[in-house]
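Just so you know, the protein sequences line up as chains A and B, in that order.
So the first sequence is numbered by the working numbering: it starts at 1 and just counts up by one.
So the second sequence is numbered by the working numbering: it starts at 1 and just counts up by one.
I should point out that these hints are in silico values taken from the structure, not numbers from a laboratory.
Treat the hints with care, as some may be off.
Computed footprint of chain A on chain B; a stretch qualifies when at least three of its residues, placed anywhere within it, have a C-beta under 8 Å from a C-beta of chain A [what the hints assert, rightly or not]:
#1 7 to 21
#2 80 to 87
#3 142 to 152
Partial pick of chain A residues on the chain B-facing surface, computed with a CB cut under 8 Å [said to hold, decoys possible]:
#4 R56
#5 S64
#6 R373
#7 K376
#8 G604
#9 L608
Ideal Cβ positions, reconstructed from N, Cα and C, are used throughout, including at glycine.
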Amino acid sequence: LTLVLRLGDVRDEDRARVGDKGFALARLVQSGVRVPPGVCVTNEAYLRYVNVTGLRPRILRELSRKRVQDMRWEEIWDASLRIRNLFLRTPLPAAAAREIGEALEREFSQRAVAVRSSAPGEDSARTSFAGLHASYLNVMGRDEILHHLRLVWSSLWSDAALLYRKELGLEVESSTMAVLVQELVQGEKSGVAFGVSPNDPARAVIEAIYGLNQGLVDGTVEPDRWTLERPGGNVVSHHAARRSQWLRPAARGVSLQSLPEGLAARPPLDDGDVTEVFSALMELERFFGTPQDVEWTFSRGELFVLQSRPITAGSSATGDDERAWYLTLRRSFDNLKSLRERIEGTLIPAMREDAKRFAGLEVASLGDAELVREVKARLEKFMQWSDAYRRELIPFAHGMRLFAQVYNDVLRPEDPYEFMDLLAVAGGLESVQRNDMLRRMASLVRSDPSLVGRLRAGELPQGEFGDLFREFMRDFGRLQCGLDQCAYGPELIAGLLAEMASHGAANVPTRDPGTREEEFLSCFEGDRRAFAVELLDLARASYRLRDNDNIYLGRVRAELERALTELRARGEDPVGGLGDLIPPEVRELMAPKGGSPLEGATEGGFHLRARQIVGQPAGPGIAHGRARVIDRHEDLFSFKAQEVLVCDSVDPSMTFVVPLAAGIVERRGGMLIHGAIIAREYGIPCVTGIPQATSFIKTGDVVTVDGFLGIVTIG
Amino acid sequence: MKRQDEEIPYVVERIRGLLDGQRLGVLASHSGGRPHGSLVAFAATADLKTILFSTTRATRKYANIASDSRVALVVDDRSNDERDFSRAAAVTASGEAREVGGDERALLLEVFLAKHPYLKEFVSSPSAAFLKINVRSYSIVTRFQDVRELEVED
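Let the sequences and hints guide you as you build the complete structure.
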């Protein structure tokens, strides 16, 4: 079996072995179209790799913890990260590395290449899934190409690909990937061209940018756009972009640079160029028999076709709302940097300001009409911030993901989540600050147990304890309530403090990320080091915000609830009275969460219970203890030290019991969700992604939480 | 996501599928704390409360059961390849075994022979015993690690 085929040697019967993209390019090469010269590493190489190294059953295990359709996005991302790490840590079998390596060396020597996926089904006429798999530009030398070959292979199981697994027919048993390796054409201007406009079948569209085409395909660089008449080619309109950047080859890989002023002032294509691209587009349409979606580049004035695939009539990777939204979470480094500026500079201060303003207003002193207006205003603000949360704050969590990828690429750690130790720099998390205040109060209670009794009796002791308590209630007290009730007073907190005082609670372990940080940064030289420093800083901000944004939004929500509570107290029915103003998603937020636990379940003469449930490992360690299932917020105040916290998800209003917990089990899945971050911060074993947790586990059940393997054993 | 009570029919069907789909299972018995495993041909009744098998009276399992009736039977659908870790399921039935006699023998024998017609001579031999396990509980493992326990009510 041939592991490497030159594009010129690909025959009809090789189609399945080289993938659609490779096959289309081979046909073009063979009919004299100017295509960057290259080879195809056939899917047999992938098969040999996963079979000889035993990777295949390991991929299967990662994807069968639970059914992929039952996974949340975060869990899909986690599975994908773990699979990618398997590929990173598993070298090619020696014989295959030699065979492929020698072929690559013969073909390219030390010339720069592009390494791109060519998966079967990726570009078929029915579906188009461009961008779900990885490509790498400007890779040099045999070992580097072989390394990137594995990265492209691993992207067969990228989170985005898993999301579209049905359409792609993705199956661990049968899916394979061919990889294209082509000489890198260092284009001065590049773009895409659509034989038929998605908006008007009588038109064709050309988009162009300066620099490498990846800038356009990634969505980093905004293109100029021409609309042309079919088949004549007259330009109907030209939309000019705000040209400011271009993607250029760097020493290794590519870098985004600002565009020289001379270029920024004029469109990337002149009239002659537009005509040339359009003619090529029509020629390709005649050649393949259907309208094409073409990627092209001009290098030293010559037009090269980088890729040509049929325009799809059916589904595409942006077709459906939710998945399309998920795809937008994959942000580039530069995009994340500007997002951070906006979040830290504008959004968070404004959100805090709103919460502060609301908190300063005594709702009890408002007249009825004013109160209704106030509730409406708060509802609007809350919805505005909830929306910002989804559109801007959640995407910023991708900062951690981007860092994870870079960290794992250079260090190839055994634990794919080792990167999180570098992000957990003490002091930044609001929940940790809050817990620290509780810990200090608990330690005062330990030396003077009478404090609890006095607090319960409604007395606020003077001195350090009283000051701390007031400060705590001011900053965090209102967060103690969920949306349904807001009646938690000093008594509940007194109980919690008594529990903490008698058992002690975990401190945030003081970590020294210094050594690991240096180990990470030393993998980068020159300019790349500055990038690594910046990326680490960005990831830390992303990690902090992932926790804090919840708290800030929670404050706005608590203020809305405070006003609603006042309204209820006056005998109005807030939901009835404001019925039309409350959209379903807010109503949903207002409904109590979680199902009620069943006393086991009996049907048809059988009684069912779960003995062991598999979820996702989210905090290493093993814990054994009695479960405390949190159905209502009040349940938190019965929490005893060394119990296992079982809940829907640890939201910010709950984290204060985390230091008391022996282990955590969450229905929601994912490594980068709030609860998992907090668990990792305190070093508490944690398993997430067990939707049945609150129905199969009852308070008082003895459970074992295996945070290494993601398994919960009951009884 | 399924609630616990909604999961029962699903779990019951999965167990039924395994018991109907497999001919052989591993029977665990013991004598004086010494464990013993042996492969037996079995059949389950439609209500899953009884599992039937046959053995000659000279076997160790027969002697074991005569001294302590507590047994377990493991049935699985593995195909001995890598997919087993995600796709194969195994069920363990636990209960007490005893020899079948009297009125119920004809009825239960019919169930057993419907699944294993080729064992007619074997079961009919005077040296063979026909036994039933009164199943107290099932434990089913799927996806390598997911474990559910189903208690059979009297």
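Inset, instruction - Find the hints from earlier in the document that the structure breaks and name them by number, from lowest to highest. - result: 6, 7
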